[in-house]
Structures are given as C-alpha cells and as structure tokens.
Amino acid sequence: MGKLDPKNPQPPYLQIAEDLLSAVRDGKLKPGDQLPSYSALARDYGVAVGTVRSALDVLRDRSVIVTRHGTGSTVRPDLDPATLPPAIDRPVAVQPADLTEVLRLLRDISARLAVLESRLGAD
1 MGKLDPKNPQ PPYLQIAEDL LSAVRDGKLK PGDQLPSYSA LARDYGVAVG TVRSALDVLR
61 DRSVIVTRHG TGSTVRPDLD PATLPPAIDR PVAVQPADLT EVLRLLRDIS ARLAVLESRL
121 GAD
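For the sequence shown, the residue numbers in full-length UniProt numbering are 1 to 123.
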C-alpha cells in the first residue's frame, strides 16, 4: 500500500481504493481490521485528505468497509474477500447530449403509451 502510478489514467482516489481493495483481497487487510486514519493514508499516498475520503467513499459504497464517527473505518467484519470484484470500475462520464437523447426517448415512449392506453380505454 502507498504507491500511486502517475502513468495510470485512473484518478488518484480510484487508485487508492483499488490498492486498498487489493489489500483486502490479498489478506493484508482482514475483515474487522481497522484502516489507518485519513491523515495517515493521505501521508502514505502523498495526497490530500479529501482524496483519501473519496477513495474510502468508493469502498463504503461497495460495502467493503464501514465507517463510524470517532472510531474510523474498518473492513466489514462479515466480508468474504472471495466475493470481492477483481477491480473497481471507473465511473462512466455521462455527456449532456446522452441525457438529452434519453429524455427524448422517454418522451417518445410516453407518447406511444398514451396512445395505447387511449385505444384500450376506448374498447
């Protein structure tokens, strides 16, 4: 743990999340183990605390860790490392044009549904 690859296209927070996930998968961090503090992880990885917070958010969202105010983050005690994904997927960037197209399709479907409902109601 503790190394970022500047050539890796993943943002630092995902690299950190991936590194910690690998540590859990490899048994370096076991279910119930306490993770280092935000500041300790930030120092180890050479990043800001906010970057570490984002990395731990990713792991929390994937139910790998739990965080309690005042006690920090731990690997979920009931976690089975064998069930962990091989890698963390990078979030997909959605373009405004994609959302516009989805909205257009939803409106079209809604209009077609209204026509069908009116036909069924007329019978």
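Keep in mind the hints are simulated off the structure, nothing from the lab.
Any given hint might turn out to be false.
Straight-line alpha carbon distances no greater than 20 Å define the calculated SDA-like cross-link-like pairs of lysine to any residue that follow [said to hold, decoys possible]: (1) 30 with 46; (2) 28 with 11; (3) 3 with 37; (4) 30 with 68; (5) 28 with 66.
Hints, verified against the model:
1. A C-alpha spacing of about 24 Å is found between residue 30 and residue 46, which places the hinted pair above 20 Å, so the restraint is violated.
2. A threshold of 20 Å between alpha carbons decides the hint, and for residue 28 with residue 11 the separation of about 23 Å lies outside it, so the pair is violated.
3. Between residue 3 and residue 37 the alpha-carbon distance is near 17 Å, which keeps this suggested pair within the 20 Å criterion.
4. A distance of roughly 18 Å separates the Cα atoms of residue 30 and residue 68; the hinted pair therefore holds under the 20 Å criterion.
5. For the hint linking residue 28 to residue 66, the alpha-carbon distance of about 17 Å falls within 20 Å, and the restraint holds.
Violation of the numbered hints given earlier is confined to hints 1, 2; the remaining hints are satisfied by the structure.
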